[in-house]
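**Student:** Each protein sequence line maps, in turn, to chains P and R. Per our numbering, residue 1 is the first one in the first sequence, and the count goes up by one each step. Per our numbering, residue 1 is the first one in the second sequence, and the count goes up by one each step.
In short, the hints are calculated from the structure, not lab data. For glycine and all other residues, C-beta sits at the position ideal for the given N, C-alpha and C. There could be a bad hint or two in this list.
So, partial list: chain R residues that the calculated Cβ filter (under 7 angstroms) puts toward chain P [unchecked claim]: (1) L11; (2) R13; (3) M46; (4) E85.
In silico DSS-like links for lysine-lysine, alpha-carbon gap of 25 angstroms or less [as the list claims (entries may be wrong)]: (5) R/K58 x P/K52; (6) R/K3 x P/K52; (7) R/K97 x P/K214.
Far from chain R by the CB rule (all over 10 angstroms, computed), these chain P residues [claimed, not checked]: (8) K8; (9) A46; (10) K52; (11) E73; (12) S116; (13) S152; (14) E165; (15) H181; (16) D219; (17) S285; (18) R290; (19) L320; (20) G322.
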Amino acid sequence: MKTVNYLKAPLTINWAVTNRCNFNCQHCYSRTDPSEELDTPTLVAAIDKTVKAGVLSINFGGGEPLLRKDLLEIASFCSGRGLRVSMNSNGYRIDRETAGKLKASGFSKVGISIDSHIASVHEAFRGIPGSHQKAVAALAYLKEAGIKTSISTVICKINHRAVQELITFARQQGVQQLNFHNFKCSGLGYSNKDELDLSAAEWKEFYLQATAAKKEIRDLEISLDDPIIASLGMKTETDSLVKGSICGKLSLNIKSNGDITPCGFIPIVIGNIVKDDFKEVWDNSQVLDRLRNKKPTGKCASCASYEDCLGGCSARALALTGDFNNPDPHCWINEP
Amino acid sequence: MEKVFRNPDVLWREEDDPKAQAWEGLAKGEDVEDVGTSVLFADGTMLSLNVLGTEIWKRCDGRTVDEIVADLSGQFDVETAVLREDAVAFLAELAEKGFVRYEDR
Ligand code: SF4
Numbered sequence: 001m002k003t004v005n006y007l008k009a010p011l012t013i014n015w016a017v018t019n020r021c022n023f024n025c026q027h028c029y030s031r032t033d034p035s036e037e038l039d040t041p042t043l044v045a046a047i048d049k050t051v052k053a054g055v056l057s058i059n060f061g062g063g064e065p066l067l068r069k070d071l072l073e074i075a076s077f078c079s080g081r082g083l084r085v086s087m088n089s090n091g092y093r094i095d096r097e098t099a100g101k102l103k104a105s106g107f108s109k110v111g112i113s114i115d116s117h118i119a120s121v122h123e124a125f126r127g128i129p130g131s132h133q134k135a136v137a138a139l140a141y142l143k144e145a146g147i148k149t150s151i152s153t154v155i156c157k158i159n160h161r162a163v164q165e166l167i168t169f170a171r172q173q174g175v176q177q178l179n180f181h182n183f184k185c186s187g188l189g190y191s192n193k194d195e196l197d198l199s200a201a202e203w204k205e206f207y208l209q210a211t212a213a214k215k216e217i218r219d220l221e222i223s224l225d226d227p228i229i230a231s232l233g234m235k236t237e238t239d240s241l242v243k244g245s246i247c248g249k250l251s252l253n254i255k256s257n258g259d260i261t262p263c264g265f266i267p268i269v270i271g272n273i274v275k276d277d278f279k280e281v282w283d284n285s286q287v288l289d290r291l292r293n294k295k296p297t298g299k300c301a302s303c304a305s306y307e308d309c310l311g312g313c314s315a316r317a318l319a320l321t322g323d324f325n326n327p328d329p330h331c332w333i334n335e336p
Numbered sequence: 001m002e003k004v005f006r007n008p009d010v011l012w013r014e015e016d017d018p019k020a021q022a023w024e025g026l027a028k029g030e031d032v033e034d035v036g037t038s039v040l041f042a043d044g045t046m047l048s049l050n051v052l053g054t055e056i057w058k059r060c061d062g063r064t065v066d067e068i069v070a071d072l073s074g075q076f077d078v079e080t081a082v083l084r085e086d087a088v089a090f091l092a093e094l095a096e097k098g099f100v101r102y103e104d105r
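This is chain P alone, in the form it adopts within the complex (with noise of 0.2 angstroms):
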C-alpha cells in the first residue's frame, strides 16, 4: 500500500474549545493566547462543516475542556453526526457522575494528563495540591464507565529518567495507552526549555528506553508521537500512511477562536473554520504545501533516515530554529 501525501480531508481534528484552564502548568501551550471562544451554535456548525469535508474523530483539548459547559452537548452533536469523540483532560472535574454523563454523550476515549508517577513531583509541576490523586480517581472513574483511558505524559527534564516506573504506573491504573509525547517548546513550553527539554543525548537514551519498553511491552499501548525514532529503527504508529509529522496530513488544529493551524504547536493561522471554506483552506493552504513537501536542509541532507523522519517534529524546528526545513533540534544524530 502506498503513502499518501494528502488526503481529502484530516482524519482527525484536534479542537482548543477553550483556553481557560483551572490548572498553571509550566509547560502549557496555550496558556499564553488570549483567543475568545466560540458560542455553542458557532461551534457546533462549525464542527458540522468538517464533518461534512470527511473528517472522522475530534479530539478536545485547551485549556481544560470540561471547563465549557457545553462540553456534554457538543460531544453529544459530535457522536450524533458519527465522528469519534475523544479529549484530552486533567481529570480534575472528572467523578464518577461526570464520567458517566461523557460515556452517554458519546466519548470514547479520555486522555489523562499526569507527568509523574510521583504525586508531588506532578503537582508542583501543574501547580494544583490534590491534582495527582484526583487524576488517578479519574482515570478508575472513566473506566467504570466504559470509556477508554490512556495517560499522557509530556516528556521534559522531570520524568525523563522514569521510563520504567511510568509504565508500571500506567499498569496499575488499568489503562490501554500510555503516551509519551515530545516537548514542543510552544507558549510557555518555550518560556520555560531551557529548565524543562532535554538535551539531544538525553532524548536519544529516553527514547531508546521508551522504544525498548513498546517492542517488549503487550498489555499496554506506548505511543510516541515523534518522527524522530526513524533513527532508531522505530515507526510512529502512522508511518504506513505518511511519513514525519502528521501536522497538516492527518490532522489539523482548531482554536477556541476557530482559527486554524497545522497542529496545537505551530502558531501559524492558514484560515478560520466559522469565515473560510475548510476544503479550499485544506487543499490551498501554503503552509500546509509546505508542511507536505518539505526539504531536507543540514544535516538532514545526508540522513539515511529522512525518507521516514522527515527531519522530525515540524513544530519544534520552526519554535526553535525559525524554519520548519531545518533539522529538528532534539535530533541526535552527529551531536555531540
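Fit chain R with the ligand to the supplied structure of chain P, relying on the hints for placement.
**Tutor:** Chain R with the ligand only, in chain P's frame:
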C-alpha cells in the same frame, strides 16, 4: 461458511480523487494496485487500501468470502479462483490486525 464483519471500532472513509483515478485506470486496463482509495484507522494502526481491498472491505457486512468474491468477480477482470485467493489472504491480514472478525453461520 463464515460471515465476515468489519470491526465497528475502525474508522474509515473513501478518498474521492484516488478512487476516481483508480476506476478510470481499471477501465483502461492499467495497474492500479498501488493507488490507495480508502483509509482505515483504529487505535494505533492505520491502513490505506487499494481499490480491490476497499471493495472487499465495504462488503464485510456479514457476507461470506464466497459471496464477496461472487459479487466482485463481475467488476474486476481477474479469474474467480485468483480473486478468491487474494480475498482470503487479504481478509486474514485484516483479521490479524483486528479490523474484521469472522462469525459462523
Ligand atoms: S538528521 Fe534529520 S532526518 Fe535524520 S534523524 Fe535527524 S532530524 Fe531526522
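**Student:** Broken hints, numbered, in rising order?
**Tutor:** 4, 6 and 8
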